[in-house]
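Asker: Residue numbers (UniProt numbering), protein chains in the order written: chain A, 1 to 785; chain B, 1 to 156.
Because the hints were derived from the structure by calculation, they are not lab data. Remember, predicted model here, so these are calculated numbers, not experimental data. In this text, a Cβ means the ideal position worked out from N, Cα and C, and glycines have one as well. Careful: at least some of the hints might be erroneous.
[Claimed, not checked] To spell it out: a stretch of chain B is covered by chain A in this simulated footprint if at least three of its residues, at any positions, have a beta carbon under 8 Å from a beta carbon of chain A; those stretches are:
#	stretch
1	8 to 17
2	34 to 40
3	48 to 62
4	98 to 109
5	114 to 122
6	141 to 149
Chain residues, written in single-letter form:
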Amino acid sequence: MTGTTEREVGRARPRKEDARLLTGQTNWTDNISVNGLLHLAILRSPMAHARIDRVDVSAALERPGVIAAFSGRDVAEEMGSLPCAWPVAEDTVVPDHPPIAVDEVRYAGDPVAVVVARDRYTAADALEAVEVDYTPLPAALDIETALAEGTALVHTDKGTNRSYVYRATSGDYEAAKAQADVVLTRRYHQQRLIPTAIEPRAVVVTPLAASGEFTLYSSTQVPHVLRVMLAVTTGIPENKIRVVAPDVGGGFGSKLQVYGEEVITLVLAKRLGRPLKWTESRSEAHVATHHGRGQVQDIEVAARSDGTLLGLRVSLTADMGAYLMLLSPGIPILGASMYPAIYKMGAYDFSCTGVFTNRTPIDAYRGAGRPEATFAIERIMDDLAAELGTDPLELRRHNWIRHEEFPYTTIAGLTYDSGNYEAATDKALALFDYDKLRAEQADRNHRGDTVRLGIGISTYTEMCGLAPSRWLGEMRYAAGGWEAANIRMLPTGKVEVVTGTSPHGQGHVTSWCQIAADALGVPFEDVEVMHGDTRLATHGMDTYGSRSLVIGGVAVHEAALKVVAKARRVAAHLLEANEADLEFADGVFSVKGSPEARKTIQEVAFETFASHDLPDGLEPSINAEHVLDPDTFSYPHGTHLCAVEVDTETGAVHIRSYVCVDDVGKVVNPPIVEGQLHGGIAQGISQALYEEAVYDEEGNLVTGTLADYLVPAAPDLPEFVTDRTETPATSNPLGVKGVGETGTIASTPAVVNAVVDALRPLGVKDMRMPCTPERVWQAVKEASA
Amino acid sequence: MTHISVKVDGTTYEDDVEPRLLLVHYLRDRLGLTGTPVGCDTSNCGACTVELDGAAVKSCTVLAVQADGSEVTTVQGLAHDGEWTGLQRAFHEQHALQCGFCTPGMIMAARDLLREHPHPTPDEVRQGLEGNLCRCTGYQNIVLAVLAASEQEVTA
Numbered sequence: 001m002t003g004t005t006e007r008e009v010g011r012a013r014p015r016k017e018d019a020r021l022l023t024g025q026t027n028w029t030d031n032i033s034v035n036g037l038l039h040l041a042i043l044r045s046p047m048a049h050a051r052i053d054r055v056d057v058s059a060a061l062e063r064p065g066v067i068a069a070f071s072g073r074d075v076a077e078e079m080g081s082l083p084c085a086w087p088v089a090e091d092t093v094v095p096d097h098p099p100i101a102v103d104e105v106r107y108a109g110d111p112v113a114v115v116v117a118r119d120r121y122t123a124a125d126a127l128e129a130v131e132v133d134y135t136p137l138p139a140a141l142d143i144e145t146a147l148a149e150g151t152a153l154v155h156t157d158k159g160t161n162r163s164y165v166y167r168a169t170s171g172d173y174e175a176a177k178a179q180a181d182v183v184l185t186r187r188y189h190q191q192r193l194i195p196t197a198i199e200p201r202a203v204v205v206t207p208l209a210a211s212g213e214f215t216l217y218s219s220t221q222v223p224h225v226l227r228v229m230l231a232v233t234t235g236i237p238e239n240k241i242r243v244v245a246p247d248v249g250g251g252f253g254s255k256l257q258v259y260g261e262e263v264i265t266l267v268l269a270k271r272l273g274r275p276l277k278w279t280e281s282r283s284e285a286h287v288a289t290h291h292g293r294g295q296v297q298d299i300e301v302a303a304r305s306d307g308t309l310l311g312l313r314v315s316l317t318a319d320m321g322a323y324l325m326l327l328s329p330g331i332p333i334l335g336a337s338m339y340p341a342i343y344k345m346g347a348y349d350f351s352c353t354g355v356f357t358n359r360t361p362i363d364a365y366r367g368a369g370r371p372e373a374t375f376a377i378e379r380i381m382d383d384l385a386a387e388l389g390t391d392p393l394e395l396r397r398h399n400w401i402r403h404e405e406f407p408y409t410t411i412a413g414l415t416y417d418s419g420n421y422e423a424a425t426d427k428a429l430a431l432f433d434y435d436k437l438r439a440e441q442a443d444r445n446h447r448g449d450t451v452r453l454g455i456g457i458s459t460y461t462e463m464c465g466l467a468p469s470r471w472l473g474e475m476r477y478a479a480g481g482w483e484a485a486n487i488r489m490l491p492t493g494k495v496e497v498v499t500g501t502s503p504h505g506q507g508h509v510t511s512w513c514q515i516a517a518d519a520l521g522v523p524f525e526d527v528e529v530m531h532g533d534t535r536l537a538t539h540g541m542d543t544y545g546s547r548s549l550v551i552g553g554v555a556v557h558e559a560a561l562k563v564v565a566k567a568r569r570v571a572a573h574l575l576e577a578n579e580a581d582l583e584f585a586d587g588v589f590s591v592k593g594s595p596e597a598r599k600t601i602q603e604v605a606f607e608t609f610a611s612h613d614l615p616d617g618l619e620p621s622i623n624a625e626h627v628l629d630p631d632t633f634s635y636p637h638g639t640h641l642c643a644v645e646v647d648t649e650t651g652a653v654h655i656r657s658y659v660c661v662d663d664v665g666k667v668v669n670p671p672i673v674e675g676q677l678h679g680g681i682a683q684g685i686s687q688a689l690y691e692e693a694v695y696d697e698e699g700n701l702v703t704g705t706l707a708d709y710l711v712p713a714a715p716d717l718p719e720f721v722t723d724r725t726e727t728p729a730t731s732n733p734l735g736v737k738g739v740g741e742t743g744t745i746a747s748t749p750a751v752v753n754a755v756v757d758a759l760r761p762l763g764v765k766d767m768r769m770p771c772t773p774e775r776v777w778q779a780v781k782e783a784s785a
Numbered sequence: 001m002t003h004i005s006v007k008v009d010g011t012t013y014e015d016d017v018e019p020r021l022l023l024v025h026y027l028r029d030r031l032g033l034t035g036t037p038v039g040c041d042t043s044n045c046g047a048c049t050v051e052l053d054g055a056a057v058k059s060c061t062v063l064a065v066q067a068d069g070s071e072v073t074t075v076q077g078l079a080h081d082g083e084w085t086g087l088q089r090a091f092h093e094q095h096a097l098q099c100g101f102c103t104p105g106m107i108m109a110a111r112d113l114l115r116e117h118p119h120p121t122p123d124e125v126r127q128g129l130e131g132n133l134c135r136c137t138g139y140q141n142i143v144l145a146v147l148a149a150s151e152q153e154v155t156a
C-alpha cells in the first residue's frame, strides 16, 4: 500500500495488552473458578529411582472434603503415554511415559498418586495420608557416565541409557584436520537450567458430561498442539476438546509441552464428571516443569596459523532426563546447523548422543539448542584467538561471511539470505569504546591489579522462524511449521484479526494490529486481535522458536492483502470501474484519474455485509484466511560486547558494560523488540553467572525452591545498551527476522568470554558455568598454584 | 475458624477464615480479587505484593487473620474512575511489562520504594525492587518506569 498517513509498522506504539495487566483485570488460568470446582493435588516421588511396591490411597479418601484419590495403576489405561513428537533418529529409544507412574518412579518429582478435594488446602493435606512403599533402585545421575558400563539403567527394559545418536556431516573433517596448523579441542558444559516463567503452570478442565465435551484451560504456549496431542493420548475425540490458553505469564519454552498434569486433569474431570483445577506450586514447578540445556559439548576446531578456519567437529552428549517429552530429542538437534555460525569453513562433523538420566526431563528453554551452539563456537573462537595470539575480533573478521557474499550457503547447508556482520560490529565497537577498554585492560594487567578487566565478544547468528514444514518432516518432527491468520471485516468497518500464534508476553496483539492496519489502511485503534482459544482460533501452530512474527505476523499481512484483493472486486463493481483501474491507498479505493470516485474499505465491508449489489456469483464476504508455510528460516544476527570486572580475591564478577547491536531485520514495534532483547540478554547472562539446577548424589534437586535457585533480581543485572542495524530479510514481504531468542543466544558466550579474558593472563583457560564467585576464586587459585 | 474484618480496596469484608489461610488466598479465592497472583511459595518472587496499612507486604507471607482490622490495597484498587496512577502510566509508556504476571507486585513494591525515596537513583530503584522477580524484561524498563513516575507523583 502506498499512502500519505504514517505507517504503523515501525511505530513505538504502547501496547494494547497493558491495560488489563496493569489494573489486575487478568485471566490467569489459576484465576478461573466455576461452580463445583474441585482441586487436584499430586503426590510426587521423593526418590530419583525406585520400584513402587504399594500405593494405598484409602486413608486419604477418608479425609473430610476428599472426593477421590488414585494411584497410577488405577488410571493407567485411560491416561496412555505422554507423547514425544520428535524422535530424531529412526531407532530413537522412546520409553513409555505414564502421566502417573505405575511400576517405577524415574526422577524425584515423578507423579505417584493424585487426590481430588473440595479446596486446594484439603487436597494438599490429604497427600500426607497416601501411603507408598518404594524399593530404592540405583540411579543414573550424570551425563558423562550415563553410558558407562555399570551405570544404572533408567529404563531397564530398554537395556541402554542411550536414546539416540544423530549425525550430520558436510565436507571431509579428517582431511581438513590433516591440513591444519592448529587443532584445538575443548569440552564445554551446558548446565541444567530451570526455566522459571513467573506464572507457575495451572490447568482447569470443565466437562460437559451430557455431550462428552471438555474445555481445558492451561497456562500453555501451544493450545493447538496440545489439543491434537490430548486427543491422541487420551482417545477423547479432538472435536470434543476445546483448549484455551488464557493470559499466560511467560513460557520461555517451558510451556511448549504436553504435560502429564494436563492429561491427568482432563482424564479425571472426565471420570468424575466435575470441573477440576490443578495449580503448581513454585517448588513443585522446579521438579515438574521441564528443565533446559544439560549438555556436554566436545568441540574440535582445525585452523591454519593465519587463523583461517578449516573445519569443525562437534560431539554432544545431551541429557534427556528420565523420559522424552514432546521435543526433547530435537532440542540439541535444533543447534546442529548453528555451530558453524557466521563463519566460513570447508568441513563440519556433528554428532549428538541423547542419554537418559534419573532427573526431571529436559526440553525447550529459550533458544533451544541454538544458545548451546553459539556458546560453543564463540567460546572456541576466543580460545583459538588466544592460541594464535590474535585479537578475538580480528579472528572473527577473518572468517566471517562478508556482507557482499549473501546469500551464502554455510557448511551446515543453511542458506543465509542476508546480513551485515561488519556493520553491526562496527556500530557495537563504537558504542562500547573497545580500544579504550583494551587499553585499560592492558594497564590493569601490567599493574597486577587484583580487579581484572575482561572483554567478551559474541558475534552470533541464529536460525529462527520455526519452521518450514518440509524441513521439519525431514527432521522427523511429527507436525508442520505453518501459521494461520484470519481477518474479519465487520459491517461497521472494525477489524478482527484471529491469529494462530499464542502470545504470553510478546505483544502480538499490538504488533499484529500494526501490521493489519498498514495493509488494510484502517486505524490501529480499529483492529482487535484474538488468540489462544481453539474454538476461536481454529487453525494454529502456536508460539515458540522466534516464529510468531516471521510466520504468524507475515500471515496476518498476507491475509490482509487477500481482504484487499476481495474488497477490490466489490469496490470496482460499486464504482463501475475495472479492477485494474483502481488504486488502493490509506484504506481507500479510487479510480485512477478520477479521485472523487472512491470507496473506503469500511464502506466496502458494509456493502458486502448488505450484499444488495454485488457482482453476480460473488461470494458475499471479504474476510480472508492465510496459512503461511515458510520456505526458509530467517537469520537475525548481531554483535554483543561485554566488559566485566573480576575481583581475583573474592571471585566476584561485576558486569561493567553490556553493548549489543542486533540486526533483526525490519522492526514492527521498536520498544517491544528492545524489551525482547533485554529479557533475552538477562536470561543469557543468568546462565553465564547465576543459574544451575543442582542435584545431590541421591538425585534430589538441591535447588528445589526459588530460595535456592538464583533467578536474578534487578540489582544483579546491568543496564544494557542496545542498538540496531537493519538488513531486511529477503525471505518474507515484511523483511522481518524474529527477536524472541536472540538476546539469550548471544549473551551467554559474551559474558563467559569476558570472564575468561579477564583471567587469561593469570593462567585461567576456561570457566564452567555459572561463573559463581566460588568457581572464579577457585580457578584463580588453581591457575596460580 | 476465626472472624476477621478487613477493608480491601475500599470495601469492608467480614469473614470466618481458617487461621492458616494465607492473605493472598483470602484475596483470590474468597474475595475473587485475582489481580494479585501467586508466583512462588518461598516469598522470593514478590508477585503477590500488596499494601497492608500502607506498607508493602508479600501477601503469601501474611495470614488472613493477621490482616484483621487492617486496610489492604491491591493493584485492583489503584485506579480511580478509570484514571491510572503515575506508576501504571509509566509502566505502560516505558514498556515495563511483558507477560504482566509480576507487574501487580512490581507496582506495589515500587509505590513503597517511592514513598521512601521520592527521587531515587537508578541504583536505588534496583535495590528497592530486589524482592520482586521479573523473568521477561531484564528490569531495564521497570527501572526507567519507576524513575519516570518519580518525577510525576509520589503516592501515599
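Asker: Against each hint, give a clear statement of whether it holds in the structure.
Answerer: Outcome of the hint check:
1. Evaluation of the coverage hint for the stretch 8 to 17 of chain B: breached, as 0 residues show C-beta separations to chain A shorter than 8 Å, against a requirement of three.
2. Here's how the stretch 34 to 40 of chain B fares: 7 of its residues keep a CB closer than 8 Å to some CB of chain A, so the rule of at least three is met and the hint holds.
3. Note: the stretch 48 to 62 of chain B has 0 residues with beta-carbon separation from chain A under 8 Å; the three-residue rule is not met and the coverage is violated.
4. Only residues whose C-beta sits within less than 8 Å of a C-beta in chain A count toward coverage, and the stretch 98 to 109 of chain B has 8 of them, enough to reach three; the restraint holds.
5. For a cut-off of 8 Å, the count of residues in the stretch 114 to 122 of chain B with a CB near a CB of chain A stands at 1, and the three-residue condition is violated.
6. Restraint check on the stretch 141 to 149 of chain B versus chain A: 3 residues with Cβ-Cβ distances below 8 Å, three needed, restraint holds.
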